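Using the sequences and the hints given, assemble the complete structure.
Take a look at the letters that make up each chain.
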Amino acid sequence: MKRKTFIVTLLLFMIFMNSSMLIVSFITLRERMAAERETVLAEHYVISSGLIGDMQAVQNRGGDVRESMGDLMRTYARYSQKRDNAFAVSCEGDWIWYSGNTAPAEDPGGLAGQTDQSERMVFVRRKPEWQLCVYGRFPAPFQEYGLWYCAGLSDTFEAWRGMKNMLFTISMTVTFILALFLVKFLDILFRPLREISAASRVIAEGDYHTRLPVRGKDEIALMAEHFNRMAEQVESHIKLLQETADKKQQFVDNFAHELRTPLTAIYGYAEYLQKAPAAEKERFECTQFILSECGRLQNMAYQLLDLAALRELKTEVCSIDSLFQRVREIMQVKAEKSRIALFFSGSGEYVIGNTELLITLLSNLMDNAFKASEEGSAVRVSAERKEDKVIFEVKDQGIGMTREQIDHIKEAFYRVDKSRSRAAGGAGLGLSICDRIVELHGGSLEFISEPGRGTMAQVILPGGEEETGFTTS
Amino acid sequence: MAEILIVEDEPSINELIRRNLELAGHHCTQIFDGNEAITILAEKNFDLVILDIMLPGADGYEVLEQIQGTPVILLTAKSELSDKLRGLNRGADDYITKPFQMLELAARVEALLRRTKKAKKCFELDNVRLDFERRLILVDGKPVDCTPKEYDLFVTLVKNRNIALSREKLLDLVWGYDFDGGTRTVDVHIQRLRAKLGLEERIVTVYKLGYRLEAPV
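Line by line, the protein sequences give chains A and B. The working numbering puts the first residue of the first sequence at 65, with every later residue one more than the last. The working numbering puts the first residue of the second sequence at 173, with every later residue one more than the last.
These are computed hints drawn from the structure, not numbers from a lab. Small disclaimer: the values here were computed from a predicted structure and weren't measured. We treat Cβ as the ideally placed atom computed from N, Cα and C, and that holds for glycine. Treat the hints loosely; a few may be bogus.
Ranges of calculated distance between the beta carbons of each label pair, as one might list FRET restraints [as the list claims (entries may be wrong)]:
hint	chain 1	residue 1	chain 2	residue 2	range
1	B	R287	A	L323	27 to 35 Å
2	A	N363	B	K380	55 to 63 Å
3	B	T288	A	E400	51 to 59 Å
4	A	R347	B	R307	47 to 55 Å
5	B	N217	A	E400	43 to 51 Å
6	B	G353	A	G270	34 to 42 Å
7	B	A279	A	E438	40 to 48 Å
Some residues of chain B that are not near chain A, with every Cβ distance over 12 Å (derived) [as the list claims (entries may be wrong)]:
hint	residue
8	P183
9	N192
10	T211
11	I212
12	D219
13	Y267
14	K293
15	C318
16	P320
17	L345
18	R356
19	R366
20	E386
Set out below in structure tokens:
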């Protein structure tokens, strides 16, 4: 691209420069020729008028004009000897006198025939060298005579050639200087393109932090700006993908780890049963372990399926009263078993969401609250509307969590206290499911907790238009 | 007979390890929490500790720091090299990754006890006595004339007592992988051992599997 621009620009410049030089030199040549012609004509006139005067004087004296022509012409010949001129005088079709050693090549009769009294003939001779010749006949009474005057053009041509050469030298120098400037200029002009190319190569190699410097406000700057925006987009997308991939990897790692414990137990007890001499009681205990570990795997599989199935959301308007009613039905037995008092507060409100998923969400949160609670304590579930949001809270008076535990609590398979949680039959996926449900509803899930002071799980869901809930009731 | 401490929070796996070790005649103490492990280690001496890394309370590495002089086998769920190296660098003597096989656990425990001289120098069953140091089998105090392969076979059975060993496994352990003979060789040697040592009742044939030396725990 750069080379093409360079070559085309230089070529165009050379064509225009040289052709204008050529035109200038031809115009000059023509002007010089015109001037030369004037000079030659003037000189011819001076000589012929002088000669006519002399010839008249000779005739008046009674001398033979033709005979004395040699003497008459000598003075003129001497006058113009230094220049490379030539003279010749014709009379009745013959050259009667001529300067130099040879007569002019032209036929004087022919020349005389072509000119009349008043006109002089000017022509250019090319051989033996460039010369400008003038032939004019004398007026009466010497109409038989004619003067041929020839001035060499070599000086003129020499001067012209010199000028022409100088012009071309100037043209070449200017072209050369222009070429240097052009290289530098194109270099500057194409620098942003080079930078963009380099930056895109770096990005292509996987380094997405690269940005271009934006200078000025021209098209290139605009392009650099767009390029930067593109790079930013690419970087953020890649980062997002990376995060998602990391999360998935983390999930898979945790999952593999989580699978190992039941697998180890199942494999180990099966092998034990096969290879060791086990009595009836021991066989029962071993199979019991195998069964309970299988139950754990099954539980995990169901929860994973739940998590995987949470992809789309069918929403409806659900009354919080009936929601609480159903959650209470599900959780009451568990609460009684753990000797935990359950309290529900907040009524008459409506929330937009999927009833089944909201029940899963609340019962999972309550399940966690039970696990953290001691016997005899209370778990409170409340719902309230604040502006356009519906806020659910599940509060317990249990063991609480540290800041660090809260940060990890939503990760799949994370357990605050793994032995307790496993003994309670959890797979470590409950809060992952809750988080996913809240995310699908476009809400947020927060935990406020302090060790020893209990935990509050807060779900904030967008409530939709306030009227919607009441009109559809 | 060694005193072994098992520190593993999963009751099912803790139980599994205890049962396996008791087959070999060891005495086990079961602990399910890191802090409790540190407490009991300060009070009592053990010949070997089997330690899980992920524990409630103090984790396995913290417990490891409290253990001095007692050999430790780490129990890891992660098979990554960095986890193994971390444990080994902090003073663990060996590791087992979950899931593990009975023979592997038995072999590693046996090897570690032998290295720390805690393995018994002899084994007695009924009127048969196996002297590991002198490489002798004695019946009623009198040496029995047996071939080196018969001796090795009996040692293998004793070391993995109460665990059924398949004929193929016995071939591997006693004759080595490059042995070309069939599993009939094992049967023949077992018959001879039973006859020479009078252990027809003790070396039992396990259906479809192989042989097991049954010794009271």
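Evaluation of the provided hints:
{"no.": "1", "hint": "B:R287 <-> A:L323: 27 to 35 Å", "verdict": "33 Å, holds"}
{"no.": "2", "hint": "A:N363 <-> B:K380: 55 to 63 Å", "verdict": "33 Å, violated"}
{"no.": "3", "hint": "B:T288 <-> A:E400: 51 to 59 Å", "verdict": "53 Å, holds"}
{"no.": "4", "hint": "A:R347 <-> B:R307: 47 to 55 Å", "verdict": "37 Å, violated"}
{"no.": "5", "hint": "B:N217 <-> A:E400: 43 to 51 Å", "verdict": "47 Å, holds"}
{"no.": "6", "hint": "B:G353 <-> A:G270: 34 to 42 Å", "verdict": "59 Å, violated"}
{"no.": "7", "hint": "B:A279 <-> A:E438: 40 to 48 Å", "verdict": "45 Å, holds"}
{"no.": "8", "hint": "P183", "verdict": "8 Å, violated"}
{"no.": "9", "hint": "N192", "verdict": "7 Å, violated"}
{"no.": "10", "hint": "T211", "verdict": "17 Å, holds"}
{"no.": "11", "hint": "I212", "verdict": "17 Å, holds"}
{"no.": "12", "hint": "D219", "verdict": "22 Å, holds"}
{"no.": "13", "hint": "Y267", "verdict": "14 Å, holds"}
{"no.": "14", "hint": "K293", "verdict": "25 Å, holds"}
{"no.": "15", "hint": "C318", "verdict": "25 Å, holds"}
{"no.": "16", "hint": "P320", "verdict": "26 Å, holds"}
{"no.": "17", "hint": "L345", "verdict": "14 Å, holds"}
{"no.": "18", "hint": "R356", "verdict": "22 Å, holds"}
{"no.": "19", "hint": "R366", "verdict": "17 Å, holds"}
{"no.": "20", "hint": "E386", "verdict": "5 Å, violated"}
Going down the numbered hints, you'll see the structure goes against 2, 4, 6, 8, 9, 20, while the others check out.
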